[in-house]
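> Spelled out from the first residue to the last, the chains are:
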Amino acid sequence: MTATKLTMAQALNTALRDAMTADESVVVFGEDVGPLGGVFRVTDGLTETFGEQRCFDTPLAESGIAGLAIGMAMNGFRPVIEMQFDAFAYPAFEQITSHLAKMANRTRGRVRLPVVVRVPYAGGIGGVEHHCDSSEAYYAHTPGLTVVAPATNADAYGLLRAAIEHPDPVIFLEPKRHYFTREEVDTATPVPPIGQAVVRREGRDATLVAYGPSVPVALAAAELAATEGRDLGVVDLRSIVPFDEETVLAQVRRTGRAVVVAEAQGFASVASEIAARIGERCFHHLEAPVRRVTGFDIPYPPPKLERHHLPSPDRILDAVDALQWDET
Amino acid sequence: MTATKLTMAQALNTALRDAMTADESVVVFGEDVGPLGGVFRVTDGLTETFGEQRCFDTPLAESGIAGLAIGMAMNGFRPVIEMQFDAFAYPAFEQITSHLAKMANRTRGRVRLPVVVRVPYAGGIGGVEHHCDSSEAYYAHTPGLTVVAPATNADAYGLLRAAIEHPDPVIFLEPKRHYFTREEVDTATPVPPIGQAVVRREGRDATLVAYGPSVPVALAAAELAATEGRDLGVVDLRSIVPFDEETVLAQVRRTGRAVVVAEAQGFASVASEIAARIGERCFHHLEAPVRRVTGFDIPYPPPKLERHHLPSPDRILDAVDALQWDET
Amino acid sequence: MSELRLVRLIEPDGSASGDDRYALPAPGELLEHYRALVRGRRFNEQASALVRQGRLAVYPSSHGQEACQVAAAAVLRDGDWLFPTYRDSVAAVERGVDPVEVMLLLSGDWHCGYDPMRHHVAPQATPLATQLPHAVGVAHAARLKGEDTVVLALCGDGATSEGDFHEALNFAAVFRAPVVFLVQNNKYAISVPLARQSVASSLAAKGEGYGMPSALVDGNDVAALTAVLGEAVRRAAGGDGPTLMEADTYRMDAHTNADDASRYRDDAEVTEWARRDPLVRLRAHLRAAGVLDDEEERAIAESAEQTAAYLRTGLSADSEPDPAELFAHVYAGPAPHLAAQAELLAAELTAEVHS
Amino acid sequence: MSELRLVRLIEPDGSASGDDRYALPAPGELLEHYRALVRGRRFNEQASALVRQGRLAVYPSSHGQEACQVAAAAVLRDGDWLFPTYRDSVAAVERGVDPVEVMLLLSGDWHCGYDPMRHHVAPQATPLATQLPHAVGVAHAARLKGEDTVVLALCGDGATSEGDFHEALNFAAVFRAPVVFLVQNNKYAISVPLARQSVASSLAAKGEGYGMPSALVDGNDVAALTAVLGEAVRRAAGGDGPTLMEADTYRMDAHTNADDASRYRDDAEVTEWARRDPLVRLRAHLRAAGVLDDEEERAIAESAEQTAAYLRTGLSADSEPDPAELFAHVYAGPAPHLAAQAELLAAELTAEVHS
Ligand SMILES: Cc1ncc(C[n+]2csc(CCOP(=O)(O)OP(=O)(O)O)c2C)c(N)n1
Ligand SMILES: Cc1ncc(C[n+]2csc(CCOP(=O)(O)OP(=O)(O)O)c2C)c(N)n1
Ligand SMILES: [Mg+2]
Ligand SMILES: [Mg+2]
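Residue numbers (the UniProt record's numbering), protein chains in the order written: chain A, 1 to 328; chain B, 1 to 328; chain C, 1 to 355; chain D, 1 to 355.
Isolated chain A (complex conformation):
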């Protein structure tokens, strides 16, 4: 019985359990990940099962947590650390940028850091300030990091297993608002390789490119569009770095139209990169400019206003409508 209905939190928990069982060098630590099991319960029961040496609470200091992970990785472990919320990873920014990302390069590959930084990611949960940031651009822009964002519970399981096995540091972005969504997960499915996008829906008319929490939104938009006779495809990046250019470009070349969907503020973002690349590499296939539907360039709004900020199926369809369709 490997296929079962799990919430995303449970899928991630299962991935941690399976990885810890498979490999003794996997350790989990961070704030409240021990007896509490993490504020989202992703590490639920790990201390109980694997002991305090394998899953433990640290003092409250994110830079210290990232730094400890680097040192432990230098000495044979594969640490999986949790940053409690997206914005609370910022104190670790120097450790992540100046060391975690660069160590392998600066040592000519002699010191590899197989560290996974789990980040409860993005908004849509009515969280107060500092609890809903989308920070993937900071990491994606930093050479040396691998950046992964699952959109389904099956991918949450598979990609976390892959991330833990990965030889390089991985920033693992977990869409908070799906933690408690239940979906079918088959843990026996082969672990998907990092760096491979997936076409979630084929479509002839235009391609929606999305990742993480924006994938279900894009799919919802495509559903709606279908009722109006427009056939939209949806590509789920799964990995932001490495970016699976081939899959994305192939889809866009086929449809000639593209909308990039992402929840983060849009300026100098991952969405900018995707749009720029499509513009550069699909120039002669494009029937219309590439549009972006992203969060506004504002700090994440307070709970009562967040729905105005988040990409919605309607906003995506408006962008699709603007793709200079020839109605003749």
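No wet-lab data here; the hints were simulated from the structure. Beta carbons are placed, not taken as given, at the ideal position from N, Cα and C, and that holds for glycine. Treat the hints with caution; some may be incorrect.
Not everything, but these chain D residues come out facing chain A in the computed CB check (under 8 Å) [as the list claims (entries may be wrong)]: (1) Ala49; (2) Asn170; (3) His337; (4) Ala339; (5) Gln341.
Stretch by stretch, here's where chain C covers chain B in the computed footprint (C-beta under 8 Å, at least three residues) [stated by the list, open to error]: (6) 32-46; (7) 91-101; (8) 109-115; (9) 232-243; (10) 280-291.
We have chain A; now place chains B, C and D with the ligands onto it with these hints.
Here is chains B, C and D with the ligands on its own, set in the frame of chain A:
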């Protein structure tokens, strides 16, 4: 006698002096900015002239420095702080991202933070690791920050004056490799408004878009191209945020071709944003895809290899050559 | 170095402790504090009830820590600054901020619902310890301006582990900034107990590493807190620099309503601490001293009830902040680069209304 | 708490101090340290000369701090780890790393020129204090694996102000990690004197705030350093956790060759510290003890000269790292997203050769 030949470091020093003379609430602090005058001598003599209360050394802690600036700004001062090198601003990332950028918004504009964060910026000086990062994307992606990058010594003077007078926090990126380049500076020229790009060179055939240290490189490329009969225009952004879309788009619409030049690694960068915007807003004017010439997606190289990484006039001209010219 | 012997002026049973360093505040003053404690407790209860009713998303209660909250507000003079955290709503209210405005953060209306400049109460800080360098900045600025303003900055035991705690204390000491750091050691950082946060003899012991005087106070004894904090405020105002204060207290509720404390602590521990409740103790003391009678108690309860009612009423309306505000405050000046986005939203909202 | 009285075993004039806590190391051991000190001094001089000759971009010299460098390397056992900063090249060399490989950072060839895993010497850290949490991680990992590995982590007085210093020390204390933190208090952080960095009674006093034993040692007395560090290493190896050590020393040269120390300090101060030179003192001691004669001195100088010559030769060639390396190590696996960029560069280089 307001026009005189100054190095960029001197131009910046003069701007600080003039601002401190004009406004008693301007204070300067950071690491080694006092008696030493800063490692690049930008704060040379300020303690002597204005006293220890107006220009002072702090303990060695960048988060503390940024935090102190926030508090002092809350209590009536206009702090100008120095981060000693680009990568050494990372410890202050949380203060900059979660507070400096957000304070005005979270308090509905009741707490404004007129803080200038001076950052010796980018490479080309043969510096060892962690001394040559180009970090503008991190800041430009963060709503609430204003991001400025002068390319000339006159702009260094004028934009620093403007930044200090600005009501919002400004990240002020000083191209290190021009600190000791001498140029004419007229301090009586009106202070340029933040948010306005300037066309450094008109050109009919294609537009190079650049900022900071890449502007002289783009100009050099344009010079070379002219000798080969190709007429390239150069736009200097001066402000990255707010981005002067009008000036850039107007130029590109005229030429129909564009190359974006920036020293930072290209993935999810400011260059991505500019290319994406041009693609979106000039779609029907473009004769060829927008190309980007940026640093590679690797950690900044060691001194002996940096020239391979930095955008060069040759690399820009190769990109221009690739703009699908119809040779008929 | 200050003496790190715990300062306590009133025992859990209400009797006076008899301390050779600090005098017991006058009965009238203590009665005032008692009023505030009852108000604070009622505020905590009301806010927690509003969470259950869905009027607030979340509430990190200071139940059990009201003495710290009340003392922090009480020792400050006009013009002094308070830097509270998410848990310090009661302190902000006691400092004069409108209770409903304080709660707008947690009702989801806006990030900071009050004007920090008006009462000199900084926005409640969520990212841990990050407010401490700001507090030092405000204090240092005051000093440069020649004002005798004092800044009182609050944080928790967990927050002492953050780098910003260290940098702030060191800056304050080096600059002799007029700041009083009050660490409310409530024994937990969410689920993580103090023993996993620090193995120092006390958190107050950290003062020595900064060359900063420090003190350890019974955090459930408002008399001790006001006495010791008051002295620190006077010293700071007089130019004698910062102080680190550790208040020995306890978080009686879970971290927030969303937390399940049974996963990491025993009820017995909570029961044990209930015996040291700050209200019970002061009530017993004032009763024994004859300054608190039934009538007075009724009056106090009633006035606390009024605060609660005010909060209930203020948060009962289905307020809906204006979406246009999303773009209004990001920058002071016009933000041309946000205009197109603001227009997009405005157009959508118009279309919504018309459809 | 350890005693914070300064530990010194040999006086500046070479006489024994007579300490009741630590015994003077045996003469043979001291002679070995003297050899290392001379080698270290010569290394510093050679590296500075190479800067003047344009062979190195920059060199942060440990001139005056050689006793710390030598002791840090000497007290570690096989398998122990050293975490050096940019100023600790001599310590890395003494630990066994090839001197030329150590210098590749500063010659501009690569970021870290040696294999950190081979000698258990971490890459020299430039971002201040950031290496300290790594050191704790290596130590904690060793402990989990049941090894008795000890980690010695170096940093400067300035670095103690950084948040990472605080977080690392606290983690080490809470986890009882086998780390020895050695702060080389050389009185300056570039231009900023100690008094503007900290107003604590000593930097060692910071240990108390972490519940960590600490000691203050004469940093120009290699005998005291090896005695006290050696004890700390033994305690760590025995499971008794971390120690904070402050070495009282002085940076005799400017911060680097690019720095102008006359802007912020008096020559008189430097002259004063020259009297406490670590080499002079040990030489006097060994001379008086009769274990060092002219012949031995010549042999020592000659061997130091060999190291210098090795360095000179190793750095004289106009080495040119392979540009393809720029892409080779960023990721362990294939990096498809870097392939196009690598190809662009390769094509440019081919074109260059052919034009
Ligand atoms: C930088 C940062 N990291 C993590 C968090 C998440 N978080 C919120 S409260 C909390 C525990 C704080 O404990 P303590 O400082 O003791 O304060 P208390 O809640 O007990 O009042 C944590 C980990 C945060 N708010 N900020
Ligand atoms: C995070 C960070 N900030 C700033 C710098 C720039 N910097 C290099 S050395 C130095 C002074 C360090 O002083 P100290 O820790 O006493 O070490 P020393 O140089 O005296 O050995 C500074 C400010 C840096 N390397 N890292
Ligand atoms: Mg607590
Ligand atoms: Mg120093």
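> Under 8 Å between beta-carbons, do enough residues of the region 280-291 of chain B, three at least, approach chain C for the coverage claim to hold?
Three-residue rule not met by the region 280-291 of chain B, so violated; n is 0.
> Tell me whether the statement that chain C covers the region 109-115 of chain B is true, taking a Cβ distance below 8 Å and needing three residues at minimum.
Check passed, 4 qualifying residues.
> The region 91-101 of chain B covered by chain C? Criterion: 3 or more residues, Cβ-Cβ distance below 8 Å.
Three-residue rule met by the region 91-101 of chain B, so holds; n is 5.
> Was the hint right that Ala49 (chain D) lines chain A, CB cutoff 8 Å?
Constraint on Ala49 (chain D) not satisfied, violated at 27 Å.
> Taking the closest Cβ pair, is Gln341 (chain D) under 8 Å from chain A?
violated, 10 Å
> Per the coverage rule (Cβ-Cβ under 8 Å, at least three residues), is the region 32-46 of chain B covered by chain C?
violated (count 0)
> Interface hint check: Asn170 (chain D), Cβ to nearest Cβ on chain A, cutoff 8 Å. Holds or violated?
holds, 5 Å
> Min Cβ distance, His337 (chain D) to chain A: is it shorter than 8 Å?
holds, 4 Å
> Less than 8 Å between beta-carbons is the criterion; does Ala339 (chain D) satisfy it with respect to chain A?
The hint is violated - Ala339 (chain D) has no Cβ within 8 Å of chain A, the shortest such distance being about 10 Å.
> For the region 232-243 of chain B, do at least 3 residues have a Cβ located nearer than 8 Å to some Cβ of chain C?
holds (count 3)
Against the hints set out earlier in the document, violations occur for numbers 1, 4, 5, 6 and 10.
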